[in-house]
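Protein chains in written order, with the working numbering: chain A, 1 to 116; chain B, 1001 to 1423; chain C, 2001 to 2471.
Note that these hints are calculated values from the structure, not bench results. Hints may be right or wrong, so weigh each one.
Said to hold, decoys possible - Straight-line distance between alpha carbons at most 20 Å, and here's what the computed EDC-like set of lysine to aspartate or glutamate pairs gives:
no. : chain 1 : residue 1 : chain 2 : residue 2
1   : B       : Lys1371   : A       : Glu15
2   : A       : Lys84     : B       : Glu1150
3   : B       : Lys1223   : C       : Asp2099
To be verified - Heads up, incomplete: computed chain A residues facing chain B, CB under 10 Å, no partners named:
no. : residue
4   : Arg3
5   : Cys7
6   : Thr32
7   : Lys89
8   : Leu90
Here the structure is a predicted model, which is why all the values come from computation and not from measurement. All residues carry an ideal CB built from backbone N, CA and C; glycine is no exception.
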Amino acid sequence: MTRELICIGCPMGCELTVEVEDGKAVSVTGNTCGIGKKYAETEVSAPTRMVTTTVMADNGKPVPVKTRTAVPKEKISDVVKAVKSTTIKLPARIGDTAVENAAGTGIDVIVTKNAG
Amino acid sequence: MAEHISLAVIGGGPAGMAAAAAAYDSGITDVTVFERDSELGGILNQCIHNGFGLHTFKEELTGPEYAARYIEQVKQRGIHCETDSMVLSISPEKQITVVSKARGMRVIGADAIILAMGCRERPRGALNIPGMRPQGIYTAGTAQKLINCEGVMPGKEVVILGSGDIGLIMARRMTLEGAHVRLVAELMPYSGGLKRNIVQCLDDYGIPLKLSHTVVDIRGRRKLEGVVIAEVDGTGTPIPGTEEYYECDTLLLSCGLIPENELSLSAGITINGATSGPVVDEYLNTSIPGIFACGNVLHVHDLVDFVSEEAGRAGRNAAKYIADKGSRKNEPHIVKLIPGNGVRYTVPCTIDTANTEEDIHLRFRVRNVYKGCTIKVSANGNTIISKKKRITVPSEMEDIILKPDMLGGIDGDITVGIEEGGV
Amino acid sequence: MTEKITGYDIAVIGAGVTGCAVARELSRYELSVIVLDRESDVCEGTSKANSAIVHAGFDAKPGSLKAKLNVRGNSMMTELSKELDFPFMRSGALVVCTDEADLPKLEELLERGKANGVPGLRILSREEAHETEPALADGVCGALYAGTSGIVCPFGMTLAFAENALANGVVFSLSNAVNGISRTDDGRFLISADKGDITAKCVINAAGVYADKIHNMVCEPSFTINARRGEYMLLDRSAGSLVKSTVFQLPTKMGKGILVTPTVHGNLLLGPTADDIGDKENTATTRGGLDTVRKISALSVKGIPYNQVITSFAGLRATGSTGDFIIREDEKVRGFIDVAGIESPGLTSAPAVAEYVRDIAAGILPLKEKADFIPTRKGITLLAMLPDAERAGLIKQNPAYGQIICRCSSVSEGEIADSINRPLGATTLDGVKRRTGAGMGRCQGGFCSPKVMAMLAEKQGIPIAEVKKNG
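Isolated chain A (complex conformation) (with noise of 0.2 Å):
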């Protein structure tokens, strides 16, 4: 099976065709460095995305927060939930922690902006 991915490594966006066996990557074409192989690859076994939203403060306005690294693709909406139903305390440093393990993934969601 052959897959037409668009890169989302970096701003480039380059075009990659993807000969896809067994759900794996045998062969990665339009690529322009390791990123769009590695990309690719990831994209049709097991594809992750970061996911950014933000958690309510105790003051009532929102804090953004990110996953720490990237989490499996379906599990974004888990993870939102997880965020959207936790409520943290101020003052919030950039890097601290807002919701442990979230939804299972065993990615933390950080804290992206000092507040309070």
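With chain A's structure known, arrange chains B and C on it following the hints.
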């Protein structure tokens, strides 16, 4: 007597902070940054998504994290920042009138000024979209501010007009917040945003992108009830019979950004019609010596990394201007940069070839999508530099570096153009 | 919530410029007056979306109410604008002719104007016209000049009437639509409205495009009101100085044609179109209409920077079936006064209409002047209109004037707070916009609306998400 400072930086967003820090590092420590918001960081504060800083920091940061790095730089240097301070006007003599709650109204003179006011979104009125004027129509950035900074969701059923990056980002953002984004319509036959945003913000969530489509009617008296979308022909005119009604309570507009140059105009600075930003030379000096411009007030960027880089140069050049009291080493020899075939504009607009010491970042945008083309910089029929491209798109800024040794002996205008084919 | 039946001497239905002007006039007398409107603010209908012109009065038919009240209203405007503190400028107007064959029509207008008693009219030759307004299109071959024509802020004027009426004891009951009117046994009117029943000895019907509907609730049908839609384009202040006076084209049956005019806020306004539409709620702009505005405006003025359009809008003229203003006590239902068909020159005429209505009311109720009538009203102090020294002083006095919220129009927190906190204050984003200009600039509220929403939410004790744009 009026106050006087060495350098006034107008705007405390990514451009202003980088410019102030660079000027400081070049020896000008009497710098004040004037920021109209209550905190530094500018529009980055509401851009909570990631993708910032790949060039500058070699890692992927969110907007607030990227801003925090520069806020830290400004703090470490002890640069004086006045937040909640609005500059009302600038005079050609480099006096600024600034107003704030804490300090009242003041007139401050400066040896040099760096303009870093950023840009604003094109509102509905400027797009001439016909129909009613109900509640529920927002520019994408206003919706972003409401959701990310105020925790307020504007609506549940959403149509987005314009595929600029903010619109794409907001399609994902509103979906994650529980809204149903019905579609993104784009007037042009190509997207106005970065490809990765189309993949990550639309494709991931199954949100359709309809190119060559626009809103032709808005319905609802008090509250938005729906919009009519139609296909457009090559001239952007709606094609009768293609109208489709979409029920929605929210219409987001992501139809372009306009540099905010009302202050520049108050000083009498010449504006480039193609960018709506000041005309600048390779020092990023505007038509008034000692007033520099950088970032989105100069021309709209798609990556903040390029804003920071450009602002750093503006800061260094302003510092040099102040130190040299505006004089240049050699008798200036000014050549013009002319946008040639397929090129909408260039920044800078002129180069003083007699005084070029640093590499010149020549930045421009193309008019259309060109596949397999060559960017050619030439003067008097001779090619100065050329660069082959697999693809160029209007939504992505091009950047070519001109080295000082390339510019020796050039007499006459430099043209930047696209040659199609040849790859 | 239902308010219990409350008795008034006079109930004015409609809080547009006419209703508010009438209410203010009646507030000079010892009367209890209530103004009812279905919207949450005054000036929500025809009064908010029009050309904002104080007409000289040369094109109404001599002898008509329109002619008489226009000229009278115009002559009152300078003093009234000082008394009630609203923006008005006597900037003059030109009616331009673009076809030499039509030049005699300018003479006709001149004669008509003279018959109406309009001062300061004269015919300009091609050269004189172009000298007066260098931006006139090359095809302009002559013009009628009207020195008494002016421009006004229609919101400012309506608010001024309303606030002054309020200060003099008039009750404003907004968001209170009238659903029915009947006569009581003792000859009063029973008005059933959303918030409850009200009785009044006299009803003044100033309901704009719905005046026929209100009339027919209690009277025999005697006129109809047609909604005639007009579309406009508003250009940024950077284009505002293209012309210094209002440039009309020769009038047609449908109205005064498409004009090009500066506004008191320094913008340039183009429009209106004229479309008779059945729908009294349809204030939609159309592609065709905006195209017409562009095309026709270019016939009288050259170099209009159409890329500087910041917004477009449409308003509905309340065009009466008689061709003239309909201002009279109903022949059968005594005490019911129609003030209907108030299309152009309704804004100009408003203060004169108010006097005229007062005289009718004097035949129904005894009018005794109040000893403590307050004739003046102070508007919101707008920072951008002040000289630098005064601005600085104001900020020293109240630092909130140093916090700019709307950057395009330089509107401060102080002004916005004033607009929200004063009596009859703004409760919506549009209400703040109309009172202060915040959100009326080139970014159209993109930056300031979240902040204004937060201020409105705080005042009303509601979440930001519930703050309304309008109504």
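Verification of the hints:
In summary, the hint linking B/Lys1371 to A/Glu15 is supported, as the alpha carbons are separated by about 13 Å, within the 20 Å threshold. Under the criterion of a C-alpha separation no larger than 20 Å, the hint pairing A/Lys84 with B/Glu1150 is consistent with the structure, at around 15 Å. Annotation: proposed proximity of B/Lys1223 to C/Asp2099 is violated, straight-line Cα distance about 45 Å (limit 20 Å). For A/Arg3, the interface hint is violated, the least distance from its beta-carbon to any beta-carbon of chain B being 13 Å, above 10 Å.
Because the beta carbon of A/Cys7 sits about 8 Å from the nearest beta carbon in chain B, less than 10 Å, this interface hint is met. Because the smallest distance between the Cβ of A/Thr32 and any Cβ of chain B comes to about 9 Å, under 10 Å, the interface hint for this residue holds. Look at A/Lys89: its Cβ only gets to about 16 Å from chain B, farther than 10 Å, so that hint breaks. Annotation: A/Leu90 was flagged as interfacial toward chain B, and the flag is violated, the nearest CB pair being 14 Å apart, outside 10 Å.
Checked against the numbered hints listed earlier, the structure breaks hints 3, 4, 7, 8; every other hint is satisfied.
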